[in-house]
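So the protein lines, in turn, are chains A and B.
Note that full-length UniProt numbering has the first sequence beginning at 1, numbered continuously upward.
Note that full-length UniProt numbering has the second sequence beginning at 1, numbered continuously upward.
To be clear, the hints were calculated from the coordinates, so they are not data collected in a lab.
A hint or two may mislead.
[As the list claims (entries may be wrong)] Think about it this way: if two alpha-carbon atoms lie no more than 27 Å apart in a straight line, the pair counts; the simulated BS3-like pairs of lysine-lysine are:
1) Lys140(A) to Lys17(B)
2) Lys273(A) to Lys198(B)
3) Lys338(A) to Lys200(B)
4) Lys338(A) to Lys202(B)
5) Lys54(B) to Lys21(B)
6) Lys386(A) to Lys79(A)
7) Lys338(A) to Lys198(B)
8) Lys60(A) to Lys246(B)
9) Lys200(B) to Lys365(A)
10) Lys311(A) to Lys150(B)
11) Lys282(A) to Lys365(A)
12) Lys338(A) to Lys33(B)
13) Lys311(A) to Lys53(B)
14) Lys198(B) to Lys285(A)
15) Lys436(A) to Lys41(A)
16) Lys60(A) to Lys248(B)
17) Lys285(A) to Lys248(B)
18) Lys201(B) to Lys338(A)
19) Lys201(B) to Lys53(B)
Please read all numbers here as calculations on a predicted model, not as lab measurements.
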Amino acid sequence: MFKPFTLFVFNLNKSNVFIRAKYATAVLPQFSANKYAVERKKFGTVRPSDIDYFRTILSKERILTDEEDVLPYNIDWIKNCRGQSQVVLRPTTTEEVSQILRYCNNNMLAVCPQGGNTGLVGGSVPVFDEIVLNLSLMNKIISLDEISGALVCEAGCILENLDNYVREHNLIMPLDLGAKGSCHIGGNVSTNAGGLRLLRYGNLHGTVLGIEAVKADGTVIDCLRTLKKDNTGYPLKHIFIGSEGTLGVITKVSIHCPAQPRSVSLGYFGVEKFENVLELYKSAKSSLGEILSAFEMADNESITSTVNNLKLSNPIGDYPMYVLVESHGSDENHDNEKLNRFLTQGMESGLILDGTVTSEPNKMKSIRNIRESIAGSGLIDGYVFKYDVSLPLRNYYDLVEDLRKKLGDRVTRVYGYGHVGDGNIHINVTVPQYSKEINSELEPYIFEQVSKLKGSISAEHGVGFRKPQFIHYSQGDTSLELMRELKRTMDPNGILNPYKVLPDVASYE
Amino acid sequence: MARVLVGVKRVIDYAVKIRVKPDKSGVVTDGVKHSMNPFDEIAVEEAVRMKEKKLASEVIAVSCGPTQAQETLRTALAMGADRAIHVEVAGPEYETLQPLHVAKILAKLSQDEKADIVIVGKQAIDDDSNQTAQMTAAILDWPQGTFASKVEKSDSGLTVTREIDGGLEVIKTKLPAVISADLRLNEPRYATLPNIMKAKKKPMKKVSAKDLGVDLAPRIKILSVEDPPVRQAGSIVPDVDTLVAKLKEGGHV
Numbered sequence: 001m002f003k004p005f006t007l008f009v010f011n012l013n014k015s016n017v018f019i020r021a022k023y024a025t026a027v028l029p030q031f032s033a034n035k036y037a038v039e040r041k042k043f044g045t046v047r048p049s050d051i052d053y054f055r056t057i058l059s060k061e062r063i064l065t066d067e068e069d070v071l072p073y074n075i076d077w078i079k080n081c082r083g084q085s086q087v088v089l090r091p092t093t094t095e096e097v098s099q100i101l102r103y104c105n106n107n108m109l110a111v112c113p114q115g116g117n118t119g120l121v122g123g124s125v126p127v128f129d130e131i132v133l134n135l136s137l138m139n140k141i142i143s144l145d146e147i148s149g150a151l152v153c154e155a156g157c158i159l160e161n162l163d164n165y166v167r168e169h170n171l172i173m174p175l176d177l178g179a180k181g182s183c184h185i186g187g188n189v190s191t192n193a194g195g196l197r198l199l200r201y202g203n204l205h206g207t208v209l210g211i212e213a214v215k216a217d218g219t220v221i222d223c224l225r226t227l228k229k230d231n232t233g234y235p236l237k238h239i240f241i242g243s244e245g246t247l248g249v250i251t252k253v254s255i256h257c258p259a260q261p262r263s264v265s266l267g268y269f270g271v272e273k274f275e276n277v278l279e280l281y282k283s284a285k286s287s288l289g290e291i292l293s294a295f296e297m298a299d300n301e302s303i304t305s306t307v308n309n310l311k312l313s314n315p316i317g318d319y320p321m322y323v324l325v326e327s328h329g330s331d332e333n334h335d336n337e338k339l340n341r342f343l344t345q346g347m348e349s350g351l352i353l354d355g356t357v358t359s360e361p362n363k364m365k366s367i368r369n370i371r372e373s374i375a376g377s378g379l380i381d382g383y384v385f386k387y388d389v390s391l392p393l394r395n396y397y398d399l400v401e402d403l404r405k406k407l408g409d410r411v412t413r414v415y416g417y418g419h420v421g422d423g424n425i426h427i428n429v430t431v432p433q434y435s436k437e438i439n440s441e442l443e444p445y446i447f448e449q450v451s452k453l454k455g456s457i458s459a460e461h462g463v464g465f466r467k468p469q470f471i472h473y474s475q476g477d478t479s480l481e482l483m484r485e486l487k488r489t490m491d492p493n494g495i496l497n498p499y500k501v502l503p504d505v506a507s508y509e
Numbered sequence: 001m002a003r004v005l006v007g008v009k010r011v012i013d014y015a016v017k018i019r020v021k022p023d024k025s026g027v028v029t030d031g032v033k034h035s036m037n038p039f040d041e042i043a044v045e046e047a048v049r050m051k052e053k054k055l056a057s058e059v060i061a062v063s064c065g066p067t068q069a070q071e072t073l074r075t076a077l078a079m080g081a082d083r084a085i086h087v088e089v090a091g092p093e094y095e096t097l098q099p100l101h102v103a104k105i106l107a108k109l110s111q112d113e114k115a116d117i118v119i120v121g122k123q124a125i126d127d128d129s130n131q132t133a134q135m136t137a138a139i140l141d142w143p144q145g146t147f148a149s150k151v152e153k154s155d156s157g158l159t160v161t162r163e164i165d166g167g168l169e170v171i172k173t174k175l176p177a178v179i180s181a182d183l184r185l186n187e188p189r190y191a192t193l194p195n196i197m198k199a200k201k202k203p204m205k206k207v208s209a210k211d212l213g214v215d216l217a218p219r220i221k222i223l224s225v226e227d228p229p230v231r232q233a234g235s236i237v238p239d240v241d242t243l244v245a246k247l248k249e250g251g252h253v
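Isolated chain A (complex conformation) (with noise of 0.2 Å):
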């Protein structure tokens, strides 16, 4: 109510009302198809007779083919991607589910499942025709053991929703990002998301205890356990985690739930150079150790674009580096001594030039705003390049400077930010308009220089529809060959999301 800017961008996906009279008045991406050049696989076209079958699982309003309605559907966030898919379903239930899956098997239906839409790589939305599988009404929390720390939900549930819902059980999720009020948690175990707490609570094939599972031929994999030891045979959840829809549509999660810190603090500091991030983050490994949470970076630029083109404030001056510490700890007093010898080394050493911290929810709540923010500012600028890579911590922002260099003033913005604590950066170049240009320009050129780095080229966005073709940069070719064995044993036809993940396989065609 203060500040009423907060979360605007994350608020375009939460209604599709709200989408629809936005693409009324602004322009439609192109289709992927063609803006790629893709080539449709053999799979079947969607019939009258496949809609009345799909009547006789869903009632009438959970199948969806009306072209307006379908339309944010088909469309990815940024606005990147859009398929041509004419037609939504949303079951509610595992079951449901199953039965769609087996009748588009049988069928050589291609499928497209999909949760909140808001990933970054157009893994979420169609390339041609295929059915969206929509989890959205598959909404249900399940159960809470408020011992363990175990949620099982179903994949629909909105991550912002759970957070609060568990939250009230003094447990929080172990995962938080930019875009929890609208994903889903099915769609960032089948991604397997990162963000912004993985520095301390890990990533989700640590968290995740269990996963639901339906395969392209409508069995149900129920590997749904809450425990946290299972040494029982081949870890078959972790294949689901991260293969992005291709393998299976996850129905269900079972995840474990930290409990909520009764003392967290937010650190919002402006540093001079990149090397004094670095030193900045050592002496915060050692200064806070354990209650360290987080521990990000924007460059300059990367504030400044979302300070202008969102009508944010910035808490402090300019300056050429932002770091953002986050401290979750259950002491306030004992978090406050280490916080406070953290910052007075970090002062007097000239590391941190100016900043603030706060442990006010509600001054919190801002800062956090403006990192999770420049994510979305880029597109105010019209078109934006997303790169999400890892790279070994000493190199780190070198391809930022780098591509500025190359680009020049061809592009509007190239700015750097990220989780300096995971080694990941994402780095985004804005033009005002797609350009195929700048796109030979960047790809494979960023590509090539994260391998030669040894890093690795999808750091947490996923490969999805844009990086197929890229993924030899960041695995060899018997590890890729083993990928394609897997995807032929658990979905032999390739109807589960097709032109995704893996590059071409002839075998398919």
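Based on these hints, arrange chain B on the given structure of chain A.
Same frame as chain A, now just chain B:
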């Protein structure tokens, strides 16, 4: 140059979900994050800006409440106030502390400290009383500029732009005067690290209501505090005809 007294109240942070006590005597405050009333932050900001513009010589922050009120005062000091006065009111007395008491305390302190301007937030976001500024002005018999969205120095006093129904009203007041800050008066700054460090060393005086000769006997009795009614769940109807039928059924059309 003027001396400015700013009232700051410690309230439950607005980003926290409020819970009513089961016995309906009030809301749960134990273990709940508190911060400075947002309107009081605006008041502090305005006072500090006056000092920066050399319109004020000194900014004194005052808070009435338990020991934790000192945290709120430290925030005011970190934002730029020069010194703080903590009027300690704890236990049952704090639970029944009302705007009239606070107004009497502020009036007395304004006289003791020889303040020329008193600035407070237009209301606190916990009880929404919107009374303290007006009562303080009445007790002191000073002019008041409430709901201020702009405060400027004029020859003999202040020119205050007030937010009123359907527009703005511009008034002139002589000094001394009482101002209450509205939302659009300014955007409060974040306390920066060097100032947070400095604030730890700024003077903070502790006094009691008794020292100031203010009687804290409650004048208002809270009968019951209740949650707003829960909104009933909606339902999705298959088509327009059913919708119309339902609306008729419910007597809406």
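Comparing the hints with the structure gives:
Under the criterion of a C-alpha separation no larger than 27 Å, the hint pairing Lys140(A) with Lys17(B) is consistent with the structure, at around 22 Å. At most 27 Å may separate the alpha-carbon atoms for a hinted pair to count; Lys273(A) and Lys198(B) meet this at roughly 26 Å. Using a Cα cut-off of 27 Å, the hinted pair Lys338(A) and Lys200(B) holds, with the two alpha carbons roughly 16 Å apart. Taking the CA atoms of Lys338(A) and Lys202(B), the gap is near 22 Å; set against the 27 Å cutoff, the hint holds.
Distance hint between Lys54(B) and Lys21(B) is unfulfilled; the C-alpha atoms sit about 47 Å from each other, more than 27 Å. The straight-line distance between the Cα atoms of Lys386(A) and Lys79(A) is roughly 12 Å, inside the 27 Å bound, and the hint therefore holds. Note on Lys338(A) and Lys198(B): the hinted pairing holds, with a Cα-Cα distance of about 18 Å set against a maximum of 27 Å. The straight-line distance between the Cα atoms of Lys60(A) and Lys246(B) is roughly 19 Å, inside the 27 Å bound, and the hint therefore holds.
For the hint pairing Lys200(B) with Lys365(A), the CA-to-CA distance comes to about 25 Å; that is within 27 Å, so the pair holds. A hinted pair counts as satisfied when its Cα atoms are at most 27 Å apart, and Lys311(A) with Lys150(B) qualifies at roughly 21 Å. Among the hinted pairs, Lys282(A) with Lys365(A) is consistent with the structure: their alpha-carbon atoms are about 26 Å apart, no more than 27 Å. A hinted pair counts as satisfied when its Cα atoms are at most 27 Å apart, and Lys338(A) with Lys33(B) qualifies at roughly 20 Å.
With a CA separation close to 26 Å, the supplied pair Lys311(A) and Lys53(B) stays within the 27 Å bound. Restraint check for Lys198(B) and Lys285(A): the C-alpha separation of about 26 Å stays at or below 27 Å, so the hint holds. Using a Cα cut-off of 27 Å, the hinted pair Lys436(A) and Lys41(A) holds, with the two alpha carbons roughly 24 Å apart. Restraint check for Lys60(A) and Lys248(B): satisfied, since their Cα atoms lie roughly 24 Å apart, inside the 27 Å limit.
Distance restraint check for Lys285(A) and Lys248(B): the Cα-Cα separation of roughly 65 Å exceeds the 27 Å cut-off, and the hinted pair is therefore not satisfied. In summary, the hint linking Lys201(B) to Lys338(A) is supported, as the alpha carbons are separated by about 19 Å, within the 27 Å threshold. Straight-line distance between C-alpha atoms of Lys201(B) and Lys53(B) comes to about 24 Å, which keeps the hinted pair within the 27 Å bound.
Violated hints, listed in ascending order, are 5 and 17; each of the other numbered hints is respected by the structure.
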